[in-house]
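The listed protein sequences derive, respectively, from chains A, B and C. Quick note on the numbering used here: the first sequence kicks off at 1 and runs consecutively. Quick note on the numbering used here: the second sequence kicks off at 1 and runs consecutively. Quick note on the numbering used here: the third sequence kicks off at 1 and runs consecutively.
In silico DMTMM-like cross-links for lysine to aspartate or glutamate, where the CA-CA straight-line distance does not exceed 25 Å:
| id | chain 1 | residue 1 | chain 2 | residue 2 |
| --- | --- | --- | --- | --- |
| 1 | C | LYS168 | C | GLU137 |
| 2 | B | LYS150 | A | GLU97 |
| 3 | C | LYS168 | A | ASP212 |
| 4 | A | LYS2 | C | GLU94 |
| 5 | B | LYS150 | A | ASP76 |
| 6 | A | LYS2 | C | GLU104 |
| 7 | C | LYS81 | A | ASP257 |
| 8 | C | LYS168 | A | ASP257 |
| 9 | B | LYS275 | B | GLU243 |
| 10 | A | LYS83 | C | GLU94 |
| 11 | A | LYS2 | C | ASP96 |
| 12 | A | LYS83 | A | GLU6 |
| 13 | B | LYS150 | A | GLU102 |
| 14 | B | LYS33 | B | GLU155 |
| 15 | C | LYS168 | C | ASP221 |
| 16 | B | LYS150 | B | ASP229 |
| 17 | C | LYS81 | C | GLU94 |
| 18 | B | LYS208 | B | GLU125 |
| 19 | B | LYS33 | B | GLU48 |
| 20 | A | LYS2 | C | GLU126 |
| 21 | A | LYS2 | C | ASP88 |
| 22 | B | LYS150 | A | ASP140 |
| 23 | C | LYS168 | A | GLU216 |
| 24 | B | LYS150 | B | GLU231 |
| 25 | C | LYS168 | A | GLU261 |
Covered stretches of chain C (chain A as the covering partner; in silico rule of three or more C-beta atoms under 8 Å from a C-beta of chain A):
| id | region |
| --- | --- |
| 26 | 23-37 |
| 27 | 69-80 |
| 28 | 94-100 |
Keep in mind the hints are simulated off the structure, nothing from the lab. Backbone N, C-alpha and C define an ideal beta-carbon position, used for all residues, glycine too.
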Amino acid sequence: MKPILEVQGLTRIHGTECPSCLDMTGPEHNTNVCPACGSIVAAANVSFSLQPGEILGIMGESGSGKSTVVKTLYFDQAPTRGKACFRDDTRTHDLFELNSAEQRWLRNHRFGMVYQNPNLGLNFSISAGGNIAERLLMNDLNHYGDIRRRASELLTRTDVMVGRMDESPRQFSGGMQQRVQIAKALATRPPLLFLDEVTTGLDLSVQARILDLILEIQHELDTAMIVVTHDLGVIRLLASRTLVMKHGRVIESGLTDQILEDPQHAYTQQLVASTL
Amino acid sequence: MNPNYKLPAAQDSYSFGFLDEFAKREIRRVILKAISIPGYQTPYASREMPMGRGFGTGGLQLTLAMIGPDDTLKVIDQGSDDSVNAVNLRKFAELTCPGVSTTESTADASLIQTRHRVPETALREDQVLNLQVPYPDPLVIVEPSEARRKVMHGEGDYARLLTKLYEDLVQFDEITISHRYPTRVNGHYVIDPSPIPRYDVPRLHQAKALMLFGAGREKKIYAVPPYTDAEPLVFDDIPFRTENFHTADGKRRPCARCGATDSFLDELNLETGGKAWQCSDTDYCNRQLAAANDREVTP
Amino acid sequence: MTPILETPFLETPILQITGLAKQFSLHEQNETVPSCSEVALTAFPGQLTALTGPTGAGKSSVLKCIYRTYLPSAGRMDFHKANGTVVDLARISEQDMLQLRRTELGFVTQFLHCIPRRPAEEVVAEPLILRGLTLSEAVEQARDLLTRLNVPERLWRLPPATFSGGEKQRVNLARGLIAQPRLLLLDEPTASLDKTTTARVIELIRAFKQAGVAMVAIFHDPELVAALADVEYRLAPPQSLPQPTPALETASS
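With the sequences and hints as input, model every part of the structure.
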């Protein structure tokens, strides 16, 4: 089976990069700020591949660069350098070589994103159904009745009361906002879904139900996912393989049960020891 | 600029059409570009005119850049030739364009400048309609950044505009946009057709006349060239609806003055407290009235 | 370490382990802890290979190394796949290991690690769903196996989190057994079971042997070893490696 996504040497540096940026930052220097020029090395030389239908975890504390990785892949940010190839039924897309229209097409048709902050993923000035409608309209579905039907199906699937479909998500609870975001992301049945700290800040019981929903969706639609989180529990539940990041670098990667039971890097050992 | 180009000697202190020849050439070039890319908001160097922005300076600059001594000009404001705005603009053209004749008749005009209406009388291939535009960009309601709007137009990305229509349908069971209905030109760019009512939007579609849109304050010119598609943005299953002027029992109201049942009507509050409906296009109304009188006289 | 029971094997082995060692490098404590060393064993289809030895000899570590839950520190683990090729489990890619886990390798531990809040029958059915069966087909087989393992029907629709230790263990067994892997790793699968259920498990294991499944198992009860094992390997307490080089790194260099 060919991977759906292959990422090589993905690097994102904020600031006027200098030659020592990569040499003087990272876990061994305990910083991601270059002491020579003050640039921030958000992610450096991140490489991995993802199989269709697979869930990959990216774990790390805030500032480790884990969100940067998904944000560049979803074209929210441009990488400083690196290569990423996405494969769909028809062809391979060299993500960072595409023009903005092609990137937008992939974002709307092939990718889905669920942000930690619902503000980023949802438009609060329109209804929950409208948020889903927008994504369907981007996919050239132009039939009002069909849009209504599809939106209510999606909201039902993600356990949002259809009766509240025409309300602004501003009035929803945090958990429900995430459900609307998930419904929106799934509207186009994307083969690749990015989940950026989707359960952070939610009540434990709400977290659990969202994670169940994500797993069910993965089973039903065979969606490949990249799950970014600082929560070992989320990783354990969702991911078959995991990357551990610190100060912009991938310090360790492996099967999730191996990362949790036999962590190799000092930082991962500390992380696992402090949580279990 | 062609180094051999010479300005014509000024006859008075003003050049013909108030604008200097450089300005007129620039506007004409922009008009050609706008025609070449139907619906594209072409930027131009909108000049200061001796009247405030918002009084039709965009439409006027189009008119003055195109007009020649053998042209016949009609100026309309809300369908009427004798409202203050229309009268002032017509007088300005008479003053600064020696030899130009003006008319109130749609059929007799070669050049028509208008605000808020497209004439009822069908336009011909030898006529040009200049519409005054306050806000040229239909995307401004969904995207505040002009840089991003430009990208959206370039990519034909109007999903958020359609989402606005979706929200209207959800909230009010119908699309509530009465004027400035977003209209897709030649299958790509969506334009703000200026504050014409929905009633007039179908008149842009495959029109015989050239339709030009000038926004003076926003410094944009765009065009719906003759025989070009202009389709209101709608959902596949919800047809575009225009004002129907039906009474409560479903009958089409006639014009109180001329009796026409095929024109856009203005609603008037009578001093007696009641309401009356009357043609908004005065030229059309007068013509209908004259024809009716003729019929009465002839037999 | 020597095999205690010898039986003549005519078939090709499914798994051959040589020189396997595992030690943990604890960075915080700046210490190296050996977990197992110099392990060599061979497992055959239709046979149960028992690992025995004192506590701390690293019996569980061996199973976890085979399954890649632990990264082996040294050694080879040649696995004969169904398609006839031989791969070293210490060196195959993560993707290949995930693929093997879906199709040929099974692991039943003492503890149930599963998705919480999911009905027991679906927990058991999951390995079949991963292989492409529909939910209803998979659940049907799961119910059948749960019946054979004496799990009362009233529990099938409930999530196992609330079950007693023995009930959980049976669900866990069912989940490990349902996909009928070619090589099944069993880590004290009967640890908290009553006599009746243990007898059922013994029956099942015998049926598996009949079906040609190879098993590497740890039993807390010597009687079970005597009853079920075709071959027994007694592990000695582990020694530190002179120069620790993770097997994976050796492979890539």
